[in-house]
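If you read the sequences in order, they're chains A, B and C. Numbering-wise, our numbering puts 5 at position 5 of the first sequence, and it's gapless, one number per residue. Numbering-wise, our numbering puts 149 at position 149 of the second sequence, and it's gapless, one number per residue. Numbering-wise, our numbering puts 83 at position 83 of the third sequence, and it's gapless, one number per residue.
To be clear, the hints were calculated from the coordinates, so they are not data collected in a lab. Incorrect hints may have been included.
Facing chain A, a subset of chain B residues (Cβ under 7 Å, in silico) [said to hold, decoys possible]:
| hint | residue |
| --- | --- |
| 1 | E305 |
| 2 | P349 |
| 3 | R351 |
Beta carbons: idealized from backbone N, C-alpha and C, even for Gly.
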Amino acid sequence: MSEKNIVQFEVDGKEVQAPKGENLLKVLIDQKFKVPYYCYHPGLSVAGACRMCFVEQEGVPRPMISCNMQVQEGMKIKTESENLKNIRKWNLAFHLINHPLDCPICDQAGECGLQDFYMEHGQYNSQMQEQKVLKRKVVSIGDHVMLDSERCILCSRCVRFFDEVPKTSEMAIFNRGDRSEIGTFLDRPLKNNYTLNSVNICPVGALTSKDFRFKKRVWFLKKLNSICPGCSTGCNIEVHEDPREKQVFRMLPRYNENVNGHWMCDYGAMRYEKINPKNRILTPKLKQGHELVPTDWDNAQKYFDDAMEKVGKDLYVLITPQYTVEEFEHIYATFTQKGIQNIFHTVDEKNIKDTKVIDELLMRNDKNPNSKGLLKVSAAHGLEKQNLAAFQKELETQKIKTLVVFSPADPDSDPEFMNSLKGIEAVETKIQLGTAAQYETLDFDCILPTLSFVEKAGTFINFNDVEQKIEAGAKLVEDAKAISEILC
Amino acid sequence: MKDFPKVLFERLEIPNIHKISVFQEHGGYQMAKRALQMAPEEVTKIVTDSGLRGRGGAGFPTGMKWSFVPKDASKIKYLLCNGDESEPGTFKDRILMEKMPHLLLEGMIIAAHAIDCHRAYIYIRGEFTESIAALEKAIEDCHTENILGKNIFGTKFNLEIHVFKGAGAYICGEETGLISSLEGTKGWPKVKPPFPAIAGFNRLPSIVNNVETLAAVPWILKNGAQAYRKFGTEKSPGTKLFCLSGPVKNPGTYELPCGFPLKDLIFDIGGGLLDDLNLKAVIPGGASAKILTAEEALKTTLCYEGCQTMGTMLGSGGVIVIPHTQCMVDLLHVVSYFFKDESCGQCTPCREGTGWMHKIVDSILHQRGRPEDVQLLLDISENIQGGRTICALADAAAWPVESYVKKFKQEFVDHIEKKACNLYKYSASL
Amino acid sequence: MLIPRPPAYRKWLYLRGFYWGFYTTLKHFTLNLLHLRKIPTIQYPEKRRERSPRFKGKHILTKKLDGSIRCTSCYLCQTACPADCIKITASEHEDPTVEKFPISFQIDLLRCVMCGYCEEACPVDAIRMGQEYEWADFSESNYIMDIDHLASRPSLKGGVISKLPT
């Protein structure tokens with residue numbers, strides 16, 4: 001951006017710089033000025049419906065809504081004054097007169113726009129004595145979304161979202177005046193891959209996620225910045241987990257202009273289920289006779305180390321692109337140091353080249369978060385040619401004695417994974433390192449639980465070669481171990 | 001009755017004036033023909049000089065509005081005629097559209113030429129079936145006479161005029177609401193800026209003019225700006241249609257020069273109130289205008305600035321006479337219901353405020369009022385007006401509440417404290 | 001360093017206190033024997049002291065008029081609890097006007113510090129501190145009170161109805 005396009009103006013006596021023509025409210029929010037707003041969302045068009053974001057400009061007689069103003073050189077803005085306080089107080093009162101006192105049962109409580117701004121700008125005693133307007137509650141619209149019309153403040157964010165982002169225009173505001181209600185035509189279910197975003201952008205509890213509904217109050221949740229493991233787009237996300245309960249409850253999109261903007265797909269948002277203990281390998285297991293028996297780490301580690309020692313350089317390794325770059329590097333480095341060259345990866349070249357989105361906005365064909373990362377690390381060790389096809393060829397020759405498989409963390413990413421290991425029965429010692437309970441099958445002699453993407457720090461490289469960090473949260477599975485601890 | 005200068009109703013009495021042949025016999029479309037010979041800027045200048053102000057309610061100078069349209073020839077521009085007459089107490093555009101559809105079309109041709117527009121729409125509320133039929137017939141006739149369509153009057157100017165039937169929402173009379181409705185979406189006003197003259201219908205420059213405004217244009221072109229300025233006052237030149245309703249002897253639509261005393265309209269032209277009735281109050285500009293008490297009404301002159309000095313507005317010229325038997329709480333109940341029902345529901349203060357005010361008035365009327373309700377009504381009305389919403393409907397809803405409660409406070413207090421209405425004996429239900 | 005030794009006679013001064021205490025005991029013993037009615041000791045468990053209504057005893061979950069649990073499972077008690085002894089699991093109610101209700105509500109009495117914050121935090125008068133305080137038991141697991149015990153244990157005689165309507 002050139003110097004010419006930066007304008008300087010004054011807000012509450014403070015000098016502020018912003019690109020010319022930028023939305024004033026966006027600048028005020030970014031600069032942490034306390035301006036309340038409901039209908040404005042940086043990723044959507046301006047509606048100007050909530051009338052909360054009034055500011056005063058010097059030389060203009062009336063306060064104006066800042067969401068419909070553009071920054072200009074030398075403008076003088078005031079965000080605090082008696083008049084503005086009064087406007088906000090009354091506008092908030094208007095928002096609340098028909099809003100039900102649902103907070104105890106509303107999932108939005110704790111992150112609700114009405115609650116937040118009420119504490120700051122509210123009129124503490126309601127003067128409304130008349131009957132509230134009653135509307136429909138608990139209406140199911142779609143697989144992921146539940147609608148409560150009474151709580152809706154008609155900010156129209158959801159309506160604009162479906163109009164502008166997935167461009168499906170599924171929601172609308174019906175009726176007029178104080179009988180206005182949001183909804184879908186004839187309550188048809190929402191059918192696109194981005195419905196949960198409408199829940200995330202809803203400033204109140206009108207749209208709630210069916211999946212997260214009543215599971216947890218938001219103030220118990222700890223947030224950590226991460227990257228969605230659902231596909232190669234690498235959407236930036238916020239993982240919400242409760243460390244005490246050892247569970248992840250939801251994943252929300254995090255703003256990144258270059259990758260996903262403000263949004264993420266429903267498929268990605270539901271990936272959290274795969275890392276909860278319910279779907280995880282909980283303990284190391286060894287095959288005894290015809291079943292896998294849980295064992296402790298000492299036993300399992302000994303079995304693993306013995307197997308490594310016994311086979312020496314003839315070990316075969318298969319890696320799926322669902323681990324971090326650091327883990328790939330560790331795996332390749334450890335094995336190649338021992339002289340092992342039979343390290344194969346399952347990256348599908350065809351998927352890598354196909355970078356087109358397969359739904360409305362973000363989802364890509366390659367359902368692995370780190371295919372590029374695995375390719376890069378294998379190329380650094382000169383082993384990029386050893387892909388799944390090569391591995392299957394080796395498998396057919398039946399000369400593999402010992403095999404270590406790093407299985408996919410998310411079984412949905414590769415539904416054909418187990419089929420691609422056809423002929424594995426002939427291998428003498430088969431060891432699996434992974435997280436997904438789905439792969440706890442008798443095809444393996446030893447299963448070792450590793451960490452999922454929320455429990456470890458690392459890097460994912462997305463389809464576009466963008467390197468992105470993931471943060472480590474609390475351990476969800478007590479017995480899971482980092483790959484660097486198992487392999488050394 | 002004295003003779004007043006006629007601009008719009010000049011040819012109204014001529015039989016069958018709605019027919020194109022009769023209209024053309026009486027000088028119809030001559031002005032359109034002449035305008036097409038002139039440069040668009042010239043036409044705009046004449047209208048600007050005449051001081052013609054928008055007759056829809058706000059009174060914005062028409063010529064100035066036209067001059068806001070970008071002169072860029074590559075851009076498509078639209079002329080939208082606002083025939084969505086829905087202000088309670090107003091019935092002037094309807095007469096023009098039904099009786100003199102060609103006068104409106106002639107005005108539209110001139111206006112379209114002035115802003116270089118080749119496609120115009122007339123937005124009429126769906127209830128006005130007769131207006132729609134008259135205009136559709138008129139447009140059809142014009143096409144056969146080569147007055148509309150391609151190469152009008154042999155010039156290079158093309159113009160298509162379409163009639164669009166609204167579904168009858170009050171809010172669609174607001175210019176951006178009208179544009180939304182015309183675009184096929186819900187009739188929701190749009191945030192300004194950008195103003196319609198820059199980005200209106202389909203995000204292209206559009207001019208929205210009232211029927212009465214456009215119908216006055218041919219006369220101005222014919223007789224010149226100065227002739228138009230002879231009528232009316234300095235700031236409100238010309239004549240205006242006034243719709244007199246209420247219990248007067250001669251209700252109806254009258255064309256009068258601006259600055260005409262309200263007293264004369266009611267007692268002279270309107271013939272005074274019906275027997276046994278006294279004047280209690282007057283609403284001068286449709287239901288949204290602030291009410292005037294009898295004393296104030298007698299001092300008021302019917303022009304933009306005259307109404308402004310009395311704290312009200314000329315609006316659309318719908319003069320409603322209120323007799324002494326009318327209970328103001330009852331009246332406000334009806335008026336506030338209208339605005340509650342017609343609020344589009346987009347902006348929170350208007351959506352919730354109008355509903356809340358109606359509920360309070362309802363409580364007062366049905367003897368459930370609380371002493372603090374009077375102040376609460378004033379507080380709410382104060383806090384939904386004055387630029388707090390996208391369009392002016394909130395102001396329109398707030399003004400009646402504010403003025404009724406302020407000027408007839410005692411009646412509201414009596415309803416609350418005595419739980420009885422002094423005027424109950426006059427109630428129609430008795 | 002030299003610590004001076006107290007004079008030897010001081011050692012014997014404690015006898016004064018000993019005889020004084022002995023005198024007090026004997027005095028009350030004889031007085032109580034003579035005025036058995038005024039005796040402050042209560043013959044527990046035959047007799048029990050009346051407690052203030054603000055006494056914080058064993059928790060009670062109140063009920064609505066129709067007998068269902070008042071609690072909306074808002075988790076505010078769990079949030080306010082300093083001892084982390086409350087565990088709630090919420091679920092969807094079939095009645096859309098009720099919407100949310102607890103399918104499980106556990107209080108671990110051994111963790112509870114009887115602070116009464118849960119009662120303070122409750123927005124719907126669903127949890128109260130009752131009058132009971134005798135909960136000696138042999139097994140630890142018996143101290144985790146479930147929803148049935150909290151709402152309708154025999155001592156509550158059918159449960160406590162909340163003051164709030166609906």
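Status of each hint after checking the structure:
Given hint, E305 of chain B at the interface with chain A, is violated; its Cβ is 19 Å from that chain's nearest Cβ, farther than 7 Å. Hint status for P349 of chain B: holds, given a least beta-carbon distance of 5 Å to chain A, under 7 Å. The closest approach between the C-beta of R351 of chain B and any C-beta of chain A is roughly 5 Å, which is under the 7 Å cut-off, so the hint is satisfied.
Hint compliance for this structure: hint 1 is the single one not met.
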